[in-house]
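There are 2 protein chains.
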Amino acid sequence: MNERTTGPVPPSSDRVRVRRKPDRGHYDRATIDAILDASIVGSVGYVIDGQPYVTPTAIWRTGDRLFWHGSSASRMLRQTKGGLPVCITAFHLDALVLARSGFNHSLDYRSVMVLGRAYEVEDDEAKRAALRAFVEHLYPGRWDELRPPTSQELKATSVLWIEIAEASVKIRDIGAHDEPGDEAWPAWAGSIPIVTTFGTPVPDPFVQPGMETPVVALAPRLSTPRLPEEDW
Amino acid sequence: MNERTTGPVPPSSDRVRVRRKPDRGHYDRATIDAILDASIVGSVGYVIDGQPYVTPTAIWRTGDRLFWHGSSASRMLRQTKGGLPVCITAFHLDALVLARSGFNHSLDYRSVMVLGRAYEVEDDEAKRAALRAFVEHLYPGRWDELRPPTSQELKATSVLWIEIAEASVKIRDIGAHDEPGDEAWPAWAGSIPIVTTFGTPVPDPFVQPGMETPVVALAPRLSTPRLPEEDW
Chain A
1 MNERTTGPVP PSSDRVRVRR KPDRGHYDRA TIDAILDASI VGSVGYVIDG
51 QPYVTPTAIW RTGDRLFWHG SSASRMLRQT KGGLPVCITA FHLDALVLAR
101 SGFNHSLDYR SVMVLGRAYE VEDDEAKRAA LRAFVEHLYP GRWDELRPPT
151 SQELKATSVL WIEIAEASVK IRDIGAHDEP GDEAWPAWAG SIPIVTTFGT
201 PVPDPFVQPG METPVVALAP RLSTPRLPEE DW
Chain B
233 MNERTTGPVP PSSDRVRVRR KPDRGHYDRA TIDAILDASI VGSVGYVIDG
283 QPYVTPTAIW RTGDRLFWHG SSASRMLRQT KGGLPVCITA FHLDALVLAR
333 SGFNHSLDYR SVMVLGRAYE VEDDEAKRAA LRAFVEHLYP GRWDELRPPT
383 SQELKATSVL WIEIAEASVK IRDIGAHDEP GDEAWPAWAG SIPIVTTFGT
433 PVPDPFVQPG METPVVALAP RLSTPRLPEE DW
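Residue numbers (the numbering used here), protein chains in the order written: chain A, 1 to 232; chain B, 233 to 464.
Since the hints were made in silico from the structure, they are not lab data. In this text, all values refer to a predicted model and were calculated from it rather than measured experimentally. Keep in mind that the hints are not guaranteed to be accurate.
Unchecked claim - PhoX-like cross-link-like pairs, simulated, lysine-lysine; straight-line CA separation at most 20 Å: (1) B:LYS313 - B:LYS387; (2) A:LYS155 - A:LYS81; (3) B:LYS387 - A:LYS21; (4) A:LYS155 - B:LYS253.
Work out the full structure: start from the sequences and follow the hints.
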């Protein structure tokens, strides 16, 4: 979709509409997918007996579905499968924002939220394909190098998914922003970037000399377009 | 408490007991506090009309209370105050863990979960103290350099807290771990550390030459004791 001619995509529901600072909200699939695809881990929210729980877990996307997985014995997976409502949030912290008042201290970030119902991948072949997509999300080409999963391993693993239909993104990327009149206050103000990188790989004791270290594909810090100045 | 003589601290409730891989669970306040104090952002889970929501937000701890804040108009804050059940999770990703089977791919991480009921800080002086603690959590000594908050700013800000009573930590820090017999499979295996650092501070246009950049206090990657080998 060309946003220049059609205008911004509206929220898919009132539940995901960004109310506070609506100029930080984005609802187009390209932006939603970009932040999901830059994520290694998301926070899965679910409810048991009225109590909310939030479980961090690895997430990955294929097409219109967002996936997560774990042991078939896990409480989170047993509780969420079967069409129960969940909320999955992924968050990237980009900078600490220091202003001249405590009130205007903030963070620059990219955040995505997906609401919906969670279903289990039942079919063995579909489960295998989803687990392949998980590994390939982080390390393209790696799946075919691995010892294939056994039927016991597939059985012990549950894979869940949610449709990416009701979702929104919230981005703050404007750095420091003081109240008018505060600029002369004698305190430093600005941004302190947060940088996430991969360190030196640590082979386990069984890696043979000369074996190639796998590529890690994920861009740990996705670059995003800055908001136009008039939207600040 | 000296854990060498008293043994590990048991879970404070069954709801926070780590069921899967119980050796990864920790319930002592020193470990809980260390992971909370290393966190800039937590994920606040809450329920509206049966739907869970997860909102990432800045968190900070003072004594036995964990705090978060935001606009008094925010949906999350309006919904959670008044004794409603919440779950706050903070998560630190330490490494991607690559094994020789897809099944044993994993992550090394530190995670903390606090369950309880959320209350609002009502008193203006207590609210001011909490906001001071927020700024000082990240930048010790900075609060006194700032333009003090106005009563309008205090009114526009809600501060919430939860008692740190029902909480647990989950840590994985064991790197790659293959099934017996898989070690000879010809794929690289090991850990790829995730390193979070602060980048070069970016002053805003009003910072005067020679003004000192504030210290950022938070250790972005808290070092934790490795689990004893027999607990793997």
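Now the hints, each set against the structure:
1. B:LYS313 - B:LYS387: holds, 15 Å
2. A:LYS155 - A:LYS81: holds, 15 Å
3. B:LYS387 - A:LYS21: Holds: B:LYS387 and A:LYS21 sit about 18 Å apart, inside 20 Å.
4. A:LYS155 - B:LYS253: Holds, because 18 Å separates the two Cα atoms, which is no more than 20 Å.
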